[in-house]
Each structure stands twice: as structure tokens, then as C-alpha cells.
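Undergrad: Next come the chains, spelled out residue by residue.
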Amino acid sequence: MTVRVSGAGVIELSGRCGVEDAEVLQRHLLAAPASTIEWKGCELLHAAVVQVLLVGGARVRGEPRTAFLRAHIAPIIARSMKQP
Amino acid sequence: MDELLAQFLIESRELVDKAVDDLLALEKTPNNRERLEDAFRAFHTLKGGAGIVEFAAMQEALHCAEDAFAAARAESRSVSALDIGNCLSCLDQVLEWLGTIEQSGAIPPDADAGDIVALFARAGAQQKASAAPRTAGDGWLAGLLAAHASAASTARSAVRYTPEADCFFRQQDPLARIAALPGLLAVDIGPRVPWPKLDDLDPFSCNLTITALFATSPAEVAAALGDESRHAVIEAVSDRTRAIDAESLARKAAQILEAQLQLLAPAGEPHPQGRVASAGLVAANVLRHLGRSAESEAVATAAAVSIAEGRLEPLVEAIAAAMKGPTSAAAGASAARRKDVGQTMRVGADRIDALVRLTGELIVAKNSLGHSVKVAEQQVSDLAVPLKSQHAALDRLVTELQRAVVAMRVLPLRTAFQRFPRLIREISAELDKPAALVIDGEDTEADKAIVETIVEPLVHLLRNALDHGVEDGATRAQAGKPAVATIRLSAARDGEHVVIEVTDDGAGIDVTKIRQAALDRNLKAPEALAAMSDEEALDLVFLPGFSTAKTVTHLSGRGVGMDVVRTAVARLGGQVELRTAAGRGTTVRVTLPFSVLVTQVMTVEAGGQVFGIPLDAVVETLRVDSDRIFAVGAAHAIVLRDRTIPLLRLANVLTGRPNDHSDDSGPIVIAELDGQLGAVQVDRIGGRMDIILKPLDGLLAGVPGLAGSALLGDGGVLLVLDLAEVVQ
Chain G
0 MTVRVSGAGV
10 IELSGRCGVE
20 DAEVLQRHLL
30 AAPASTIEWK
40 GCELLHAAVV
50 QVLLVGGARV
60 RGEPRTAFLR
70 AHIAPIIARS
80 MKQP
Chain W
0 MDELLAQFLI
10 ESRELVDKAV
20 DDLLALEKTP
30 NNRERLEDAF
40 RAFHTLKGGA
50 GIVEFAAMQE
60 ALHCAEDAFA
70 AARAESRSVS
80 ALDIGNCLSC
90 LDQVLEWLGT
100 IEQSGAIPPD
110 ADAGDIVALF
120 ARAGAQQKAS
130 AAPRTAGDGW
140 LAGLLAAHAS
150 AASTARSAVR
160 YTPEADCFFR
170 QQDPLARIAA
180 LPGLLAVDIG
190 PRVPWPKLDD
200 LDPFSCNLTI
210 TALFATSPAE
220 VAAALGDESR
230 HAVIEAVSDR
240 TRAIDAESLA
250 RKAAQILEAQ
260 LQLLAPAGEP
270 HPQGRVASAG
280 LVAANVLRHL
290 GRSAESEAVA
300 TAAAVSIAEG
310 RLEPLVEAIA
320 AAMKGPTSAA
330 AGASAARRKD
340 VGQTMRVGAD
350 RIDALVRLTG
360 ELIVAKNSLG
370 HSVKVAEQQV
380 SDLAVPLKSQ
390 HAALDRLVTE
400 LQRAVVAMRV
410 LPLRTAFQRF
420 PRLIREISAE
430 LDKPAALVID
440 GEDTEADKAI
450 VETIVEPLVH
460 LLRNALDHGV
470 EDGATRAQAG
480 KPAVATIRLS
490 AARDGEHVVI
500 EVTDDGAGID
510 VTKIRQAALD
520 RNLKAPEALA
530 AMSDEEALDL
540 VFLPGFSTAK
550 TVTHLSGRGV
560 GMDVVRTAVA
570 RLGGQVELRT
580 AAGRGTTVRV
590 TLPFSVLVTQ
600 VMTVEAGGQV
610 FGIPLDAVVE
620 TLRVDSDRIF
630 AVGAAHAIVL
640 RDRTIPLLRL
650 ANVLTGRPND
660 HSDDSGPIVI
670 AELDGQLGAV
680 QVDRIGGRMD
690 IILKPLDGLL
700 AGVPGLAGSA
710 LLGDGGVLLV
720 LDLAEVVQ
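Protein chains in written order, with numbering that gives the first Met the number 0: chain G, 0 to 83; chain W, 0 to 727.
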């Protein structure tokens, strides 16, 4: 599973998250809007998943595996985060 | 005039000054959001004031200007030069109205804002016609460059990619496509249409607009994008597009850092690691983008420490420290500006002047106490010792009071200088000579009287510099000079003096032409001209009558009203000098006393009476043997260090007797008067003292050679000489 609820209020993204993960993530976030996203095992995020993260304003933690995600996507997601 | 209107006048004038300041700054850095906001606020407050005193025309005119700003803010574009010009015209109109109110004591009933309204209406129409498509395109690029400063410096192309909404269905990943493009430097993602709520989001429909910067050329990017370049706008990034306003960038960065600090504000959450990590990452990225890699590293390290220890503090401190760094300089300056405003109190100038007058009287009273002490000492009175110590205490207090009062009358020269950028802008447009005014040391302080009075002479000097100093475009091009001339206006404190210099990078003054012009105008005898050094000849431009004819101005390249400048400066107790370098420009140096309250004089005795000589003018005092004084025609002179200096005997000059040097034993005072040395022989030289110089009035008012009078400690009156007049 690339998207799974790994604990109370934590959604884990790992490996290569494809377009189909967007809907799953959206469901998890709607169920627990205050969830933190742990993406340290993440290698790829499909644009559709990024879109859900941006709309959901979810908080992410950890450092994803690829430089592209770390350097370019992390700051964008951080900016969209809802203020706690 | 009623009090409300009087207050309105004062405040409106201040706001107009402020707005002009902001507008000129905006003209230089059109993307400076802070200045835009400041200017907008100034106009808004002005309009509000006009509303309170029910001045409808002024409200209407300002409303138009406000609209122009509002439009620029809403479209997040910069204010156009056209808008700035119109806003300045609007402020001119406002000043004119304020002037009318001041004179008549009432709001002009016939005031009409029609011209201003028409001005803005025309500008609005023009802007809509020409700028609409371009601003839309420029907006994203400027934003992208501003958000990624360090990437922007190496970027060669920028892409705005708006994939089709159904691209996810076609197994496309627009983000992966961007990531795979060669030379990717920075990415931003935004919604194509505003984001819906999460539960309304269709996860299979792409609503993304991806903007990115690349180190590769637009052609390479287009080739790599292939078919998808149909959905992309690819722009070349040139130096011009890169020229974004550094200040706004720093501010934006500060805002992001501030947001991270807010994010880190303790919320009692048991596991803050997520927040710490993201805030640390964002802050470190922002700093890295700004090229502040050391601070970026420090923040990243602090974030790691925070995560490891489960405490927020290390990261909070690191971010706060970074915010105090280079970025805070600009913010700090503006905060200081605001603080200044908060801590000032408006006191009428007349009240301060009353205080100055009283302090003057107190100094005189203190001096007379000093006299009493001397008398007591001579009479070996018991009172002598206590009197002496009390006099010393009083002396100290009065000196402190005097310093405080002087400081109260002190203003930064900025208050005088702030109108000059606009002046240069106007003259430069009028003469069609592009010029930039560089102002240095505008924080230098000087007495209010000086700051206020120096404006006029400086206007003269600046106009001269641009009109006659700076060459026309063709000549500059030929000389290999930049097309935009630089006029430098600098001020600095030099001991008890304030030195203001106006420098141009023009052609300089041709001294031979000055000599010729002086000859043509019969200002000096040919022999006298021949004997003059170049410096002395240069000084001829200050002679009254030198500059009356336009042809002379044309010939010399300078000279409009230089005598007026010298007279005005001399009235303030200052001096003007001129330096020039052929082909490289001219500098006019104005030296003024720091304070006009106290004048230092040296007392001299001549013909049985004591006079004061302003110490400013005195270069040295000396005695010479009578055989070193020789006759030059009917006059006398001495030779000092190989220079021939005309010598006058003060007693003879003041009594109108012929210049008889039969008794040549007295000491000689060498004085510098407008760059030239003169020698005055007196009978005796006394001490030095601080006096409050009072201009002469009544019977003595018209007496030449006298600068004023001062009351002495023993109740006597000291006449203070104006050496320049004496020597003439």
C-alpha cells in the first residue's frame, strides 16, 4: 500500500504514489482532516496526489526520498498547510 | 483661520511631502509594494482630511489618484510612470489649494478637480488599451522570479504549464513531465481555477497550473515538452525580466519566515515534529533562495535539534535570528521611520524661538556673572570663592541648556533635500538631459534656520549643475560618458560646520572663458585678471554682474545667479567655493555653521575700541616686522608663504582715514573670505568668546562693515565686524 493510515491521525505515503492514490488520500483526509502526512518513504508523488495535498492543506512531516520532492514539492506543500 | 483648518494645512502639507517621497521612490523601484502601500495610505489620509474640512474638490482629485493605486494593487502590477506623473500633478494641485487656504483662511469656493479627473481618466483609458494583455503575462513571471530569487539569477527560460483537465485519465503526470525537463531550477504549483473544498474536489480532474524556471533555453524546454508545449507558455528570462525589486523580495522572504514562526507558536501539541520539520524546511529554503546559505544551514541544523529534543525553541531562535539578519535592515529602517513619527511632538516654531532667545539672555547673564567674579577676585572679597564655584556650575548648566536648545532647533537636511529628486526630475525633463540625483548624508543635521534657508541656494546650484554643468546628449556620447548624468548632493558634519556639496559629472568650467567674460564685462582690470591664479579667476563667477547676460552663461557654462547663492550663504554665516576639473565636472562646496545660535568671536582692539571678528573667518594671527609690509600702489600688502596678501589697518578703515602705515607694530589677523586671504592689522588681540549675535537695527542698521552686535558680561556692547565688507 502506498497510502495507509499508520496510526492515530497519521497518514503514511510511501513508494511511488500514483494517480489512483489521490482518491484514497482524499478519503482519508476527509475522514480525519487533522491528520499529519508522513512522507519519508515517498519516492514519487503523482500530480493528482499533490493536488489533494494542496487542497486538503494537510501537514506533512519527514523528508521524502527524492531530491525533486524535497527541493521543489515540499516547500509548495508547506505553504499550503493549514495553520494549526 | 479656525483651528481645524490650520491643523488640516499642517497635516496635509506633511502628507503631501510624504506622498511625493513615496512616489519618487516608486518611480525608481516600481515593484516596491511597501512604498506603494505607503503612498496609497498618504493619499487616503489626505482625502480623509479633505473630507473632514468638507473640501469636495480636493477629495475628488485625491480619489482619482487613490483609484489609480487601488487598480495597481488589485492587479498586482506596478504603478506606471504615467500614474506617478499624474499623482504628482494631483499633489501639485493640492498644494496650490493649500496655499490658497493659507492666504485666504478659507476653502477656495471655486476649486475644481476637473483637470485632475480628466488626467486620470485619460491615463486609465490608455492603460486599458495598451497594457491589459501584457500585465496578465508579466504577472506570473514576475511573481515566479520574485519567489525564486537565486534560481532567477541563472534562469534562461520560464514555463507556465496548464495541463488539460482530463490529463490524469490519459495516464499523464504533468508534474513528472516538468521534473523530467532539462535544467529545472524551481517549481511553483497553483490552481487553474480557485481550489474547491476538499470534499468537492474531483481527484481525477487536473486543476493545476505549474510554473517553473529552467537553466536551459526556451527552445530546449519547448523541445523537451514536445506535444504538451501546446498547453504551456514559455518565456525567455532576460536580465530585464530578472531585474526584480530586491527589497520586495526580502520583504516577501521575511513574511514567509514570520509565517513559520507563527506556525511554531506552541499549541500544546504532543508531537510537534511535523510542524518543526516543515517550518524548518521552508525557512531553510527561503534563506537558501536569498543566497544566505550559512543561515539556511543554521536553520536546518536547529530544526534537527528541535526534532531530536522535541522542543520548538532551537528552531524558533534560529529563524528569529535569520529574520534579524540582512532582511531586517530594510524593515528596521522603515520601523525606525515609524518610530520617529511616534516620538515626535509638534511644537510651534515661535515657542522654540522664545526658548532660544531666553537661552541667549541667560548666556549673557552668565557672562556678566563671570565679570562680577573677576571684580570680586580683584577686591579679595570673601565672596570670590563661592561666587567662582557657583559661576562654574552655572556655566556648565547653561552650556548644557544651550546644547539642548540647539538640538531642538536641529533638523536633518532631509527635510530640505526631499524636494530635490522631484526638482531634478522636472528640470531634467524640461532640458531633456537625463540625470540621476544621488543624495548622500541626508541625515546630517543643521539648525532649522539653515535647513530652511539653504533650499533656495541649493535649487540654484542644482539647476545650474544640470543646465550648464551637464553637457547635451551628443557631447556626452562623444566624451564616452554615460547618457544619464549624475548630480551628487552630499552633506556632512565637519566639526562646528555643515558642508554641503553639489557635484556634477559635466564638462567642467573653462577658466579662460571666465577670464574673457570678466574682461568683456569690465569686472576687473586686465592686469588684475592676468595676475590671478586659476582658482581666483574661477571665483569671479560669484561676482555680481558676472552672470546677468545670458551670453556669459552660455560661454562659461555656469553662472546663473552665483552671486545670489554666495550672498544667501554668507547671510547664514557660510561660504561657497567652486572646484572644477575640465571634462570631469564641477563641485560647489557650501560650508555653513552648524548652529546660528552662538557665534564664536575673537575680540580685537583698534582705534581705542573693541570689536569682535567671527572666528570662522580667522585663519591665523601673526606679527610681522614693518619692513615686510610694502606698498602696492596706494595700498599695502604683506607676503606670507609666497603669497601676496592685501593689508588693511582696521583703525584707518573704520575711521575713514587714509591707509597710513606709519605705526606698523600691531598684530595682524589673516582672514579667509570666500576663498581669498586678506590681512587686517589691529592694535591688540583680545580673547575668544561665545556670543549671541544680534542683527543691527535702528540707527546702526545701515552701517557697512558691521555684522551685528552682542551684549557683553559687563553690560557693554560688542560690535562684530563683517570682515568681507570691511576689506571691500
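Keep in mind the hints are simulated off the structure, nothing from the lab. All values derive from a computational prediction rather than experimental measurement. Beta carbons are placed, not taken as given, at the ideal position from N, Cα and C, and that holds for glycine. There could be a bad hint or two in this list.
[Said to hold, decoys possible] Ranges between beta-carbon positions, derived for each pair:
no. : chain 1 : residue 1 : chain 2 : residue 2 : range
1   : G       : GLY56     : W       : ASP114    : 23 to 29 Å
2   : G       : ALA70     : W       : LEU94     : 19 to 25 Å
3   : G       : ALA70     : W       : HIS230    : 21 to 27 Å
4   : G       : GLY6      : W       : ASP66     : 27 to 33 Å
5   : W       : ALA214    : G       : GLY6      : 25 to 31 Å
6   : W       : HIS230    : G       : ARG26     : 48 to 54 Å
7   : W       : HIS230    : G       : GLY6      : 38 to 44 Å
8   : G       : ALA70     : W       : LYS196    : 55 to 61 Å
9   : G       : ARG69     : W       : LYS196    : 24 to 30 Å
Undergrad: Does each hint fit the structure? Answer for all of them.
TA: Here is how each hint holds up against the structure:
no.: 1; hint: G/GLY56 / W/ASP114: 23 to 29 Å; in the structure: 51 Å, violated
no.: 2; hint: G/ALA70 / W/LEU94: 19 to 25 Å; in the structure: 53 Å, violated
no.: 3; hint: G/ALA70 / W/HIS230: 21 to 27 Å; in the structure: 24 Å, holds
no.: 4; hint: G/GLY6 / W/ASP66: 27 to 33 Å; in the structure: 55 Å, violated
no.: 5; hint: W/ALA214 / G/GLY6: 25 to 31 Å; in the structure: 42 Å, violated
no.: 6; hint: W/HIS230 / G/ARG26: 48 to 54 Å; in the structure: 29 Å, violated
no.: 7; hint: W/HIS230 / G/GLY6: 38 to 44 Å; in the structure: 40 Å, holds
no.: 8; hint: G/ALA70 / W/LYS196: 55 to 61 Å; in the structure: 30 Å, violated
no.: 9; hint: G/ARG69 / W/LYS196: 24 to 30 Å; in the structure: 29 Å, holds
Hints 1, 2, 4, 5, 6, 8, counting from the list given before, are not met by this structure.
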